[in-house]
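Q: One letter stands for each residue in the lines below.
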Amino acid sequence: MPESDTLLEQDTALDQPWNVVVYDDPVNLMDYVTWVFMKVLSLPKSVAERRMREVHEQGRSVVWNGGREEAELYTQQLQSHQLQAKMEKPGE
Amino acid sequence: MKAAPTLDGRIRIDIEDALDLAVLRAIVADAHARDDDLASRLAAGIDPDLAEDWDDYVLPELRGSFNAQLETIVGVLGKVTPGETFFIGREDAEAWFGGLNQARLALEERYHLSENEGIEEDDEVKSAGIRSHFYQMLQGMLLHFLMDGDAL
Numbered sequence: 001m002p003e004s005d006t007l008l009e010q011d012t013a014l015d016q017p018w019n020v021v022v023y024d025d026p027v028n029l030m031d032y033v034t035w036v037f038m039k040v041l042s043l044p045k046s047v048a049e050r051r052m053r054e055v056h057e058q059g060r061s062v063v064w065n066g067g068r069e070e071a072e073l074y075t076q077q078l079q080s081h082q083l084q085a086k087m088e089k090p091g092e
Numbered sequence: 001m002k003a004a005p006t007l008d009g010r011i012r013i014d015i016e017d018a019l020d021l022a023v024l025r026a027i028v029a030d031a032h033a034r035d036d037d038l039a040s041r042l043a044a045g046i047d048p049d050l051a052e053d054w055d056d057y058v059l060p061e062l063r064g065s066f067n068a069q070l071e072t073i074v075g076v077l078g079k080v081t082p083g084e085t086f087f088i089g090r091e092d093a094e095a096w097f098g099g100l101n102q103a104r105l106a107l108e109e110r111y112h113l114s115e116n117e118g119i120e121e122d123d124e125v126k127s128a129g130i131r132s133h134f135y136q137m138l139q140g141m142l143l144h145f146l147m148d149g150d151a152l
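Line order of the protein sequences matches chains V and G. Taking this note's numbering, the leading residue of the first sequence gets 1, the next gets one more, and so forth. Taking this note's numbering, the leading residue of the second sequence gets 1, the next gets one more, and so forth.
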């Protein structure tokens, strides 16, 4: 494979978007999770509630998707509010 | 103990006796109910590609933030005595909420309270469950009266 093709594949891999995923837990209050989504992710109340319900009913919810740096920031902020937040590559 | 919202936007807590104070001071002890700290538990599942950076940069910040929450609580409870009243204002609401959450998370992980609800429990587990419910009640008040709960 020519060198230019190899570099292109590497660049694509580095630039791929990341999912910020929040997992369910038996402790965090539903209203609190909604409040954190509104505060950290600037989601409107209706969307924040929908994401909270996904976490509660399906065990997890992708709450944000985008570049690595922002995903790291949001994951850190969600963890600082004691939510089980992780970064995942789409498809994992 | 009595806890209630006040007209000026605070939560008033009346400590009626030594037992009330002991229950409140248990928040910090309960937050340390596990050997591994909350920051490490939260970071445990981070993507392996990010783990090294996370441990170096994020983990210390999380630890600092969680410790500061508990220090806020220790600072208040170190000054009050039975028969006194203290207030939690908006400026400290998130720290109190976070400290109470740390305690509930650690109790849940140690005693699996949500899984054992309704099952016959020994005294230690029963006592942990009662404290966890009390902490949750205080969290509800903080969230709805002080932490912009009107938006919820």
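It should be emphasised that the hints constitute simulated quantities derived from the structure, not laboratory data. A quick note: this is a predicted structure, and the numbers were derived from the prediction, not measured. A hint or two may mislead.
Some chain V residues judged to face chain G by a derived CB distance under 7 angstroms, without partners named [said to hold, decoys possible]:
{"hint": "1", "residue": "N19"}
{"hint": "2", "residue": "V27"}
{"hint": "3", "residue": "R50"}
{"hint": "4", "residue": "Q82"}
Derived list of chain V stretches under chain G, where covered just means 3 residues or more per stretch with a C-beta under 8 angstroms from a C-beta of chain G [stated by the list, open to error]:
{"hint": "5", "segment": "55-66"}
{"hint": "6", "segment": "84-92"}
Selected chain V positions facing chain G (in silico; Cβ < 10 angstroms) [to be verified]:
{"hint": "7", "residue": "P17"}
{"hint": "8", "residue": "W18"}
{"hint": "9", "residue": "Y23"}
{"hint": "10", "residue": "S42"}
{"hint": "11", "residue": "E72"}
{"hint": "12", "residue": "Q76"}
Cβ atoms here follow ideal geometry from the backbone N, Cα and C, with glycine treated the same way.
Q: None of the hints should be skipped; say for each whether it holds.
A: Hint check:
{"no.": "1", "hint": "N19", "in the structure": "violated (11 angstroms)"}
{"no.": "2", "hint": "V27", "in the structure": "holds (5 angstroms)"}
{"no.": "3", "hint": "R50", "in the structure": "violated (14 angstroms)"}
{"no.": "4", "hint": "Q82", "in the structure": "holds (5 angstroms)"}
{"no.": "5", "hint": "55-66", "in the structure": "violated (count 0)"}
{"no.": "6", "hint": "84-92", "in the structure": "holds (count 6)"}
{"no.": "7", "hint": "P17", "in the structure": "violated (14 angstroms)"}
{"no.": "8", "hint": "W18", "in the structure": "holds (8 angstroms)"}
{"no.": "9", "hint": "Y23", "in the structure": "holds (8 angstroms)"}
{"no.": "10", "hint": "S42", "in the structure": "violated (13 angstroms)"}
{"no.": "11", "hint": "E72", "in the structure": "holds (7 angstroms)"}
{"no.": "12", "hint": "Q76", "in the structure": "holds (5 angstroms)"}
Checked against the numbered hints listed earlier, the structure breaks hints 1, 3, 5, 7 and 10; every other hint is satisfied.
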